[in-house]
Amino acid sequence: MNSNNGTGAKARRYAILTVVSAILCAPLVFVVSIALSSDHTTNSMSFSFFPTEWHWENFVRVFNSGLPIGRFILNSLMIVIPACIFMTFSSALVSYGFARLNAPGKNILFVIVLSTMMIPGQVLMIPQFILFRTLGWVNTLLPIIVPNLFANAYNVFLMRQFITRIPTELDEAAEIDGLGYFGIFNRIILPMMIPVLAAVCVFTFSANWGSFFGPLLYINDEDKMPLALGLQVLSAQSSGAQTPPWNMIMVGSLILILPVLIVYYFAQKYLYESGMMAGSAGIK
Amino acid sequence: MSSATAVSKPRKKRKGMTRKTREALAFYACVSPWIFGFVVFTAVPMFASLFLSFTDWDSFQTPNWVGIQNYVKAFTDDPLFWKVLGHTFYYAIVSVPLSLLIALYLSNLLARDFKGKRIYRTIIYLPSLVPLVSAGLIFKWLLKPEDGPIDAVLSIFGIHGPAWLLDANWVIPAIIMLSLWQVGGGTILLISAINGVPKELYEAAELDGAGHYRTFWNITFPMITPILFFNLVTGIIGAFQVFDQVYIMTAGGPDNASQMMVPYIYNSAFKDFHMGYASALAWILFVIIMVISGAVLKSSDAWVFYESEVKK
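In order, the protein sequences belong to chains F and X.
The letter at position 102 of the first sequence is residue 102 when you use our numbering, and the numbering goes up by one with no holes.
The letter at position 239 of the second sequence is residue 239 when you use our numbering, and the numbering goes up by one with no holes.
One or more hints might be untrue.
[As the list claims (entries may be wrong)] Pairs of lysine-lysine residues, derived as PhoX-like cross-links and limited to a Cα-Cα distance of at most 20 angstroms, are as follows:
hint, chain 1, residue 1, chain 2, residue 2
1, X, Lys271, X, Lys73
2, X, Lys83, X, Lys73
3, X, Lys20, F, Lys106
4, X, Lys83, F, Lys10
5, X, Lys20, F, Lys269
6, X, Lys115, F, Lys10
7, X, Lys117, X, Lys20
8, F, Lys269, X, Lys117
[Stated by the list, open to error] Reference excerpt, derived from the structure (chain X facing chain F, CB under 10 angstroms, subset only):
hint, residue
9, Met46
10, Phe47
11, Lys73
12, Tyr105
13, Asn256
14, Ala257
Derived by calculation from the structure, the hints in this document are not laboratory data.
Where is the CB? At the ideal position from N, CA and C, for every residue including glycine.
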């Protein structure tokens, strides 16, 4: 498309993108400014848009602010790490089955996979709550961790689309060399899936790191809360008589945002350059 | 989903049979993690919730069968239900198409090569990486009436901004604003889709002397319809399931002006302990999402272009 654009169009592109970027970025700049504000500024609500104060110690203070922020972070990690590992690999295995192996009942199962994407989690929320209550898992992290270990439909669908673009000749060659189905998966398919594995890992990370609804349902004790829920509790508790400690809330928000940014930074080349999304045609 | 060959099977099935069985076994071994998760966390809970929706269960006593009473109550005897349903539709109908159009426009500006593409892409994607809890808190602050930053910006232009989250007419547009802030997620999917369009097609279009708009409408657009469609379906499903934003920014207020289906279901179940009624509401929502997704799915034959179908 570039070739059809004159310099005028080019300038217009930069102008539009710069304006849009500025608008989208502004809230985050403001968050940083609030996070770096002194308590005095917070109490008088006299924040400026660009940071004028640099209270970096807020990032240390938040850990001693009466909230177990360190504990929150640890809890979030306990949710995210197993989810990333098991979700990514179980989805890969399942998608390999759907992409490459034939069996009676396969088509029906795949239709079920696709239709589960339409089920609102809320239809399942009450029975799942009963299930976990029966298991004695309420007020533990297990109801949030365990369901995220098993392949989910969205990831299976995405990965299956990706595998279908890998030439089957590779499998056939490997089979002639004596590899079984799992050997082919392990040695041929899995290494070629790295971009989509990375993408699913990023999606799983960001979905679980900020997970709010599950913890809201299941967690009562403050020291068992993940960061997202802890932050909400912090902002809701303090909105009574005194001003909420907005600088601390925004420091907390930044701590919640930062790991997602770091993970994204390292995975972004897979997200754009693998062209894997183009393969997810054929949602039918 | 390539179907097995329909041609009559060759005589020699000695090896074929075992191979087929072996393959089937391997298939079921591979998909077993999904089957386990599906049965335990989806299928059984679904039947349980369907059952509960016909009871008066309050989460403590044994449930009594009340037939379709919960469904009748929702449609005829709960004025809040229609209000909440209306808000949910309002949110979905405005935010989904708007997000899609903006994502389509931005992805066209951001695709292919140009200087600084990485920076622009990152900035535009950045907000969608912000967890909804943080985003909700940030917007709650930005939208503060009078001295909030958004009203402050508006006042520069001489506009007296509304009280946003406290104003029944502006609270849903405010929540929609948050969804537009996170338009980057859909945008990156479209960027990779555009980058996946074979370059030869553009070269051919250029040789034919096609202009910018014709190239877009005749090549880019049809080639990325599968991803647009994917964004549309997941967008609709997501919009009808909005929860975090509402819970954090307004808790459904003021006076239920921003209450939506899922927070309403949550309240019915875990605040009022009307588990049976909440289950019925969840099923109504499920059917609505199914019907709309089904309609969109059906329409896809008319406008979604699959390369594989042409090759056939």
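Outcome of the hint check:
no.: 1; hint: Lys271/X to Lys73/X; in the structure: holds (19 angstroms)
no.: 2; hint: Lys83/X to Lys73/X; in the structure: holds (14 angstroms)
no.: 3; hint: Lys20/X to Lys106/F; in the structure: holds (13 angstroms)
no.: 4; hint: Lys83/X to Lys10/F; in the structure: violated (47 angstroms)
no.: 5; hint: Lys20/X to Lys269/F; in the structure: violated (40 angstroms)
no.: 6; hint: Lys115/X to Lys10/F; in the structure: holds (11 angstroms)
no.: 7; hint: Lys117/X to Lys20/X; in the structure: violated (50 angstroms)
no.: 8; hint: Lys269/F to Lys117/X; in the structure: holds (12 angstroms)
no.: 9; hint: Met46; in the structure: holds (6 angstroms)
no.: 10; hint: Phe47; in the structure: holds (8 angstroms)
no.: 11; hint: Lys73; in the structure: violated (17 angstroms)
no.: 12; hint: Tyr105; in the structure: holds (9 angstroms)
no.: 13; hint: Asn256; in the structure: violated (18 angstroms)
no.: 14; hint: Ala257; in the structure: violated (20 angstroms)
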